[in-house]
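Produce the complete structure using the sequences and hints provided.
Position in the sequence shown counted from 1, then plus 22, gives you this note's numbering.
For the record, the hints were derived by calculation from the structure and aren't laboratory data. Errors might be hidden in some of the hints.
[Unchecked claim] Heads up, simulated DSS-like pairs for lysine-lysine below, C-alpha to C-alpha not over 25 Å straight-line:
hint, residue 1, residue 2
1, K200, K160
2, K126, K160
3, K66, K80
4, K126, K200
5, K80, K160
6, K160, K66
[Said to hold, decoys possible] Each pair of labels, with its calculated beta carbon distance range:
hint, residue 1, residue 2, range
7, K66, D129, 24 to 32 Å
8, D108, I162, 16 to 24 Å
9, A100, S191, 29 to 37 Å
10, S181, D131, 18 to 26 Å
11, D163, E107, 15 to 23 Å
12, E142, R190, 32 to 40 Å
13, D129, V201, 21 to 29 Å
14, D129, E180, 41 to 49 Å
15, P183, P152, 18 to 26 Å
None of the values given here were measured: they were computed from a predicted structure. No residue lacks a Cβ here, since even glycine has one placed at the ideal position from N, Cα and C.
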Amino acid sequence: MYQAHSDCTTRRDHTRGRDVRCICDDADRLPALATTGSIKGMQKATVEVIARHPLFRKLSQAQKASLLRCIVEESVTANTLIYQEDSQGDSMYVVIEGSVLLQKYVDGDPVPVMRLRPRETFGELAALLPGNRLLTAKAIDSGLIARLSHAALQQLQESDPATAYAVRSRLLEHFLLKVRHLQPVWNELLTQAVTALDGRIVGT
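Structure, rendered in structure tokens:
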């Protein structure tokens, strides 16, 4: 679980193989800094993206401060595997810099589903309900992503229930909208999977 510290340092997350940076626990200054991005220990771009993101725009400054204390930055390089399809997931991500490819494996081959650019999110369901990943996510180029974990949301629930409820509600709403938007893509992937299965059956 992410723990906030008064002095922020970059550390190596060996379980994920990426550098992560935790923001400082500066509750008094953070509300004002959230609109300027000038927060010690966190990239200005990250603070600006989170503070101004449509998902969180309606949060008060104090609520944005609480949310930002839950965020962990992760630096990625080109072709970095962020998570693998069917692996256990417990976090959502926001693209801050660079781009990310979401793909689905069909008959052993990766099929592109969506290319994500700065300000776009992915993996929302895992932050709400940890479980197996539906897709594979990998960095297309070097960049920066922000991670919000289920554990951090649980911690937020204990310290600031109103903000935790607001964040979870927006994430769920956003996830359901994304599912509807991607329905044609899922249908096409299902068709490809069935076709591949038919081919194997015919070939036996």
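Against the structure, the hints:
1. Of the supplied pair hints, the one linking K200 and K160 holds, its CA atoms being roughly 19 Å apart against a limit of 25 Å.
2. As the CA atoms of K126 and K160 are separated by approximately 11 Å, the hinted pair is consistent with the 25 Å bound.
3. Pair hint K66 plus K80 holds up; C-alpha atoms about 20 Å apart against a cutoff of 25 Å.
4. Of the supplied pair hints, the one linking K126 and K200 holds, its CA atoms being roughly 16 Å apart against a limit of 25 Å.
5. The suggested pairing of K80 with K160 is violated, with an alpha-carbon distance near 30 Å, which exceeds 25 Å.
6. Only pairs whose Cα atoms come within 25 Å are accepted, and K160 paired with K66 is accepted, the gap being roughly 23 Å.
7. As the Cβ distance of K66 to D129 is approximately 44 Å, the hint placing it in 24 to 32 Å is violated.
8. The beta-carbon spacing between D108 and I162, approximately 21 Å, falls within the hinted interval of 16 to 24 Å.
9. The given range of 29 to 37 Å is respected by A100 and S191, whose C-beta atoms sit roughly 35 Å from each other.
10. Taken as a hint, the range 18 to 26 Å is violated for the pair S181 and D131, whose Cβ atoms sit roughly 45 Å apart.
11. In this structure the supplied range 15 to 23 Å holds for D163 paired with E107, their Cβ-Cβ distance being about 21 Å.
12. The hinted window of 32 to 40 Å between E142 and R190 is violated, with their beta carbons roughly 19 Å apart.
13. A hinted range of 21 to 29 Å holds for the C-beta pair D129 and V201, which are about 23 Å apart.
14. Our hint of 41 to 49 Å for D129 and E180 holds, since their Cβ atoms are close to 45 Å apart.
15. For the hinted restraint 18 to 26 Å between P183 and P152, the CB-CB distance of approximately 20 Å keeps it satisfied.
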